[in-house]
Amino acid sequence: MSIYRFNDLRGTKPLFLATACVLATALASAGDAAAQETAGFVVHEWGGVKARGQTVCPDGRSLGYRQIFEQSAEGQRLEGEADADYVKRAQAGGNALAVKDGKNLCANPGLAPDPYYRTMDDAAVVSWGIDLDGRVSTRDGAAAPGTCPHQDFTGVAGETGVDNQYLRLTGCTGNPSADESEDETETGWLPPPQEALENTMLEGGWGILIELTGVDDFENDDSVGVGIYANSDPIVLSAQREPIPYATYAADQDPRFRGVASGRIVDGVLITEPTDVRFHWLVAGMHLERPLAHARIRARFTEDGVMEGYLAGYTPVEALYDLQYGFRNATNDKGEPAPAAMMTAIATGAASAMNRTCNGAYEAMYRLADGDPDPKTGRCTSLSTQYFFRATPAFIAQVESRGRNDGLLEE
Amino acid sequence: MSGNTLWKCAVARAAGLLLGAGLCCAAGAAVAAVEPTVNVAGGPPLVRRLTESQYRATVADIFGADIPVVGRFERGLRSDGLIAVGTGEAGLSSFSLEQYDINARAIAAAVVSEAHRGDLIPCDIGDPAVFDKSCADRFVADYGRRLFRRPLSEQEITLYVSSARAAQEQLGDFYSALEFALAGMLIAPDFLLRIERAVPDASAPAGYRLDAYSSATRLSYFLTGSAPDPELLDAAERGELNTPEGLQRQVDRLIASPRFELALRDFFSDMLYFDLFADLAKDSVIYPAFNSEVAADSREQTLRTITNLLLEENGDYRDLFTTRSAPLTRSLGIVYRMPVAARNGWSMGEFSAASGRAGIQSQVSFLALHSHPGRSSPTLRGKAMREIFLCQHIPDPPADVDFTGINDTANPVRPTARDRLVAHRTQPACQGCHILMDPLGLTLENFDGLGGFRSKENGAVIDVSGSLDGREFVAAEGLGQALHDHQQTPRCLVDKLYRSAVGRGIAEPEQPFLDYLNQSFAGSGYRVPDLIRTLVTSPSFFAVTGHSPKEQITDARAASGDQT
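Protein chains in written order, with our numbering: chain A, 2 to 412; chain B, 3 to 566.
Bear in mind the hints are in silico, worked out from the structure with no lab data behind them.
Possibly wrong hints are sitting among the right ones.
Partial list, derived from the structure: chain B residues whose beta carbon lies under 7 Å from chain A [what the hints assert, rightly or not]:
id: 1; residue: Ser-286
id: 2; residue: Pro-290
id: 3; residue: Ile-336
id: 4; residue: Arg-339
id: 5; residue: Pro-341
id: 6; residue: Val-342
id: 7; residue: Ala-343
If you anchor each label on the Cβ, the simulated ranges turn out as follows [unchecked claim]:
id: 8; chain 1: B; residue 1: Arg-77; chain 2: A; residue 2: Gly-336; range: 49 to 59 Å
id: 9; chain 1: B; residue 1: Asp-277; chain 2: A; residue 2: Ala-240; range: 23 to 33 Å
id: 10; chain 1: B; residue 1: Val-287; chain 2: A; residue 2: Asp-223; range: 38 to 48 Å
Footprint (simulated), chain B over chain A, 3 or more residues, beta carbon under 8 Å [stated by the list, open to error]:
id: 11; stretch: 228–242
id: 12; stretch: 246–253
Keep in mind that this is a model prediction, so the values were computed, not measured.
Note that beta-carbon positions come from the ideal geometry of N, C-alpha and C, so glycine has one too.
Next comes chain A alone, as it looks inside the complex:
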């Protein structure tokens, strides 16, 4: 392995850095055949897996607080009521429904159930993803060790055993037209991209680095090392907003944001053993964390050096609720707790905008949870979650990365 030594790294720790490389084909063009053991990638495309084609929600879709109010007798539009007045009244009515006993339900989701929350329970839904528990599971069948009963999806290529309770949680919420717009004939290796999620990543809010070590053959290699790190640097984009390969990114040095696994490459497909990973997440300026337990990668390599595939695992219910629904435990740029009023306001507003309630989602999470059963109660505490990604070749630096204006903060 070729070693690259850096000097004069102002603001960084001294280090030795393994020279990253990409696939054999791309590497040959780099003219450095001696450094084929380490390959770095930065994730530039990312999303949660959805159902293929039109979603199946026979009992209808979930409702947000405002929608629930609008369906009530009190929420009906009054004769002669102006548009602006009705909108204002409906908003206030929705917000009132988000409060129970004087407490905001997004901050306290366990206070009340939500009869309007719908999940995607249909067993016939086809989706992308990989098998996490090694068993074709059914809702009424026996669960694999360390899991709870759940209904697997059938893969787009006809494979069985795709675990994705996160999709069942979210499949009947949100804007239905977004799901229906997906190409029903899509059977590709990956689902269509999700621009909204990628935007926050491309804008530097968060990111993921993947490092392969000890790679002898990108077609078949029975032992490779895999590092899955939170990215500390913004993604370098071209004028066309495409990721530029061979940029250098610093991996987060906090052990909590660094996952290491063993893996193998079989017929050009990387398959890793489970490891716990954790990434940063940013919502409206609030910093959150996205953990994924027992995470696995199943990905292939394209001719232009890109790695594409799935990063799937189990997301703890409480963490998932925090990062996607309630924003509890969010912090500001300095690591201090974000203002409670800001968290509840954004959470309540997002719930109405996404046609769901915080408390409904929270209740459904525990009902759908299929991983990490509590040793005492047997109740599962995490949901199987499938993310897809594309990652471009990159160099990964194991250093503390610092911003250009860090000096100002130290003064």
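Using the hints provided, position chain B relative to the given structure of chain A.
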């Protein structure tokens, strides 16, 4: 051999002690470079316009780095490969004068502003409504000496102080009066132009040399890129630059100053045509990694490579063509496909032997600058190498050249630039020049129009074999070694350094001195600081013919039949 020793040798020869002088020089140099004395002829004294870099450095040195220079600068005229030579040939356009005026007003206003007047006005001003003549006298004399790089005559001081008084009468404010006088000095030819003056050389019968202040100015702009500082002006006033010891003391001081590196950067920026970066453009679809940051960093990378090797390591100049040293930023790391840990700033790396890169001619600055916006150009690169590094002139192409085949990069029959150039060279009008350029440039075809590595073009493996004046080699590494070993490579640097210093071409009588510099350069192991020290401590550096600029103008008018 030290410059002081050289000077003594030269003086000894001038005194007719040739035998002693020969022994003296032979003892002091590894290669017995003998400085000619009878041909210490020099060229005519010149009027040279300050470059933008020199203008900015001069203003910053005299008034402070926070004094704004807001105007734009006209593009420098490149003459015989150097803008430094063009400074003695270019005229002043109305645009330039307008911009100089903008600068003068802005600088003067800043100097007398409340934020700066306490530091920059050399006297206590009581009531600004009252004109303080003694302060105005001092202000004009002090700054005039720095700006004009010589003491002002009584008549000049009176002129500018009178203008200040006139301003006071109109504006009623002494600061405004000083501002008005200063703006006048900043727009004066004596500031904007380096006007060289000749005096008879006492040590060379019938010979001339620059006067003390012109000598200080030539020395200072060559060694520091800026105007003479007060210490150098004082030395000139005391006549110390006319003595070997006094000159040596000032040369040592200036070479030891941080300004010397800046001057060296200015010289190489000129030599490497870095002014072309202002026009550098690349197709963002073909080269998505290119942006203004890459352009700026690539320029800086090469300058850092040069100063690291030549100054910090005191290395062999020829090693610039073989070095694998790679100062890097993250932006450059993308193009070079090299990791760069530091998010901001520079890291020192090294190109691997397998990278295909060696020498500054394989760095992005050279490769991108001498390419087209959407493709590489072996011809432009070959031409640039001949002209920049070997001082060989390649004529411009004839006006009726058919470039159709060259531009047809998608033609599957001719997938590589070599294929297309072979077809192009069959045109007799093109063959003569292309045979000089292409064999060099084709060896850099492993690098695309931005400088990124590639092994294939349009799916075809790139042949990077080539030759330089009969020596055959392969790829950038072979090219770098060929340039390193070419006898013209160090001679070209000597030629350009000398012409940059004196601001003109080399006159025939100066050739023995150039030969001496070349021998001295070789004797030092091609150490550039030693070469510069040898150059500036030689009487030839200050020698001029007796023609003053005024006489030259008169001669030129007479030659053109101008009777005005």
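Hint by hint, which ones does the structure fall short of? none
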